[in-house]
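Q: The chain contents come next:
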Amino acid sequence: MREAAQADARREFEERLAECGPLAFRVACGVLRNTADAEDVAQEALLRAYQSFERLRDRNRFRGWLVRISFRLALDRLRSAKRRERRDALWSQPAELPPPATAEDVAASNQFQGRLERALQELPDKLRLVLLLSATEGHTLEEIACMLSVPLGTVKSRIFIARKKLAEKLRCYANTIKTR
Amino acid sequence: MLCEHYKDALIEAAASGAAPSGELREHLAECTSCRAVFGQEQSLFAAIDTGLHAAANAEIPPSLLPGVRARLDEVGTPRFRWVQPLVFASTGLALGLVVFVMAWPHLAGREEMAKKGPALASMPMNANREGTSPESTQMTAVPVKHTHASRNSTQSDSAASSNPEVLVPPDERDGLALLVASLNEHRDLAAALLARVPDNEDSLISVDRLHIDALEIKPLEGRETETLDSAGEKH
Chain Y
2 MREAAQADAR REFEERLAEC GPLAFRVACG VLRNTADAED VAQEALLRAY
52 QSFERLRDRN RFRGWLVRIS FRLALDRLRS AKRRERRDAL WSQPAELPPP
102 ATAEDVAASN QFQGRLERAL QELPDKLRLV LLLSATEGHT LEEIACMLSV
152 PLGTVKSRIF IARKKLAEKL RCYANTIKTR
Chain U
1203 MLCEHYKDAL IEAAASGAAP SGELREHLAE CTSCRAVFGQ EQSLFAAIDT
1253 GLHAAANAEI PPSLLPGVRA RLDEVGTPRF RWVQPLVFAS TGLALGLVVF
1303 VMAWPHLAGR EEMAKKGPAL ASMPMNANRE GTSPESTQMT AVPVKHTHAS
1353 RNSTQSDSAA SSNPEVLVPP DERDGLALLV ASLNEHRDLA AALLARVPDN
1403 EDSLISVDRL HIDALEIKPL EGRETETLDS AGEKH
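Chains Y and U are the protein sequences, given in the same order. The numbering used here numbers the first residue of the first sequence as 2 and each following residue consecutively. The numbering used here numbers the first residue of the second sequence as 1203 and each following residue consecutively.
Where hints are given, some of them may not hold.
Claimed, not checked - Each computed DSSO-like pair below joins lysine-lysine, with the alpha-carbon atoms no more than 27 angstroms apart: (1) K1209/U x K157/Y; (2) K1209/U x K165/Y; (3) K1209/U x K166/Y; (4) K1209/U x K170/Y.
Just so you know, the hints here were simulated from the structure itself, not pulled from any lab data. Note that the structure is a prediction, hence the values are computed from the model and not measured.
With the sequences and hints as input, model every part of the structure.
A: See the structure below:
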C-alpha cells in the first residue's frame, strides 16, 4: 500500500520533471548566463520541488511554482557569485583589466548580446522574470500570467516596461546593431 | 520641435510592436528623419527580442534530467519521510532493550552482592556455621583494583564473583591483612568469632544473680595486745 503510494508520487513527479525540467534550467540560465551553474541550480530547484511536492495542493501550478524556485535560487547564486567576485577583486593586485579585444570580441552582434545580458541583470526581478518567460519556449502572455498567478494586464505592462528599460540602456549602441 | 513632440509616441509604438496609428502615422509619412528614427527603434527592439530569445533558450544539457533522477534516488520519496526517523527510533529502542535484557542478570548479581557487602568477607565462614570444621575456615581478601580493564571486563568480574570481595579503603588494607593473618593463625579465635549467635540475641540479657556468702567478721591478727590507756594513747 505504502510502496504503491510512493511509486505513484514518484511517477507523477517524473512526468512533470520531463515537462518542466528544461524550463527550470532555462530560467536559471537566463539569470546566470552560465550553463554549468544553471544546471546546478535547476537540479537543486527540481530536488526542492520534489521534496515539497506533497505540500503543493494544486498540481496544475507546478510549472509556475518550479519557475519561481529556480529563479530565486539562480538569483541567490548570482548574488553570492558577485560577492565572491568583489572579494576576489579586492584581494587580487593589480585590479582586473578587461581582456584584450580580438576580432571576434569587437563583432557588433557579440557586443550587443553581452550588453543586453548585462542590462537584463540590472532589471528589477519582477520585470526580468516576466521578460525571460516571455522569451522562453514561446510562452504566451496568458500562460505567463497563469504561471506567476498575476493578472494578464500586469504581465503586459511588466513586459512593456522591461523592454523600454532595456532599450534605454542599449540605445547608445544602436549603431552597432545588425539585424539578425 | 514638431518631431520632438512625437518622440515618446514613436518609442512606445516601436516598443509595443504595433503599427503607428493616427497622428503619428501621418507624421511618419511626412518626416523622413522620424521615419528613420522609428526604423532604428524597431531594429533596436527586434535585436532585444532576438537577444532575449537567444539568452532564454539555451540548449538543455543532456545530463540535466539523469542528474536530477540520480539525486531523487538519493533523497528517497518525500511523502513518507517521517517513516525513516521512526524506524531509527524503534531500532534504537529495540537494541537498548536487548542490551538491557542481556545485562540484567549481571547487574542483578552485582546489586545482590552490594546488599550483602558487609557479609561478603565471611561467606566461607558461613559455610562453617553449617557444620564444617573450623580448620577449613579461610578468609580471602581480594583487593579491588580500580582499573578500567577490570571494571569493564565481564570475564574478570565473573571470575572475581566466585570469591568474596571486600571493599577496603586503602588506609585500612594493612589492618585487614593483619586481621586475616591473625585469624588464620588462631583458628580457635576465628571459630569463636564465627560461632552461631543464639536466636534470642535480641532479647534482654539475663544475668544470673550473684551469690554472696554471709559475712564473717573476725578480729585482725596481732591486734589483741594493743590496748588503749585512759589517755587514749597506744602502747
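Q: Now tell me, hint by hint, if it's right for this structure.
A: Cross-check of the supplied hints:
Restraint check for K1209/U and K157/Y: satisfied, since their Cα atoms lie roughly 22 angstroms apart, inside the 27 angstroms limit. A C-alpha spacing of about 13 angstroms is found between K1209/U and K165/Y, which places the hinted pair at or below 27 angstroms, so the restraint holds. Restraint check for K1209/U and K166/Y: the C-alpha separation of about 16 angstroms stays at or below 27 angstroms, so the hint holds. Taking the CA atoms of K1209/U and K170/Y, the gap is about 17 angstroms. The hint holds against a cut of 27 angstroms.
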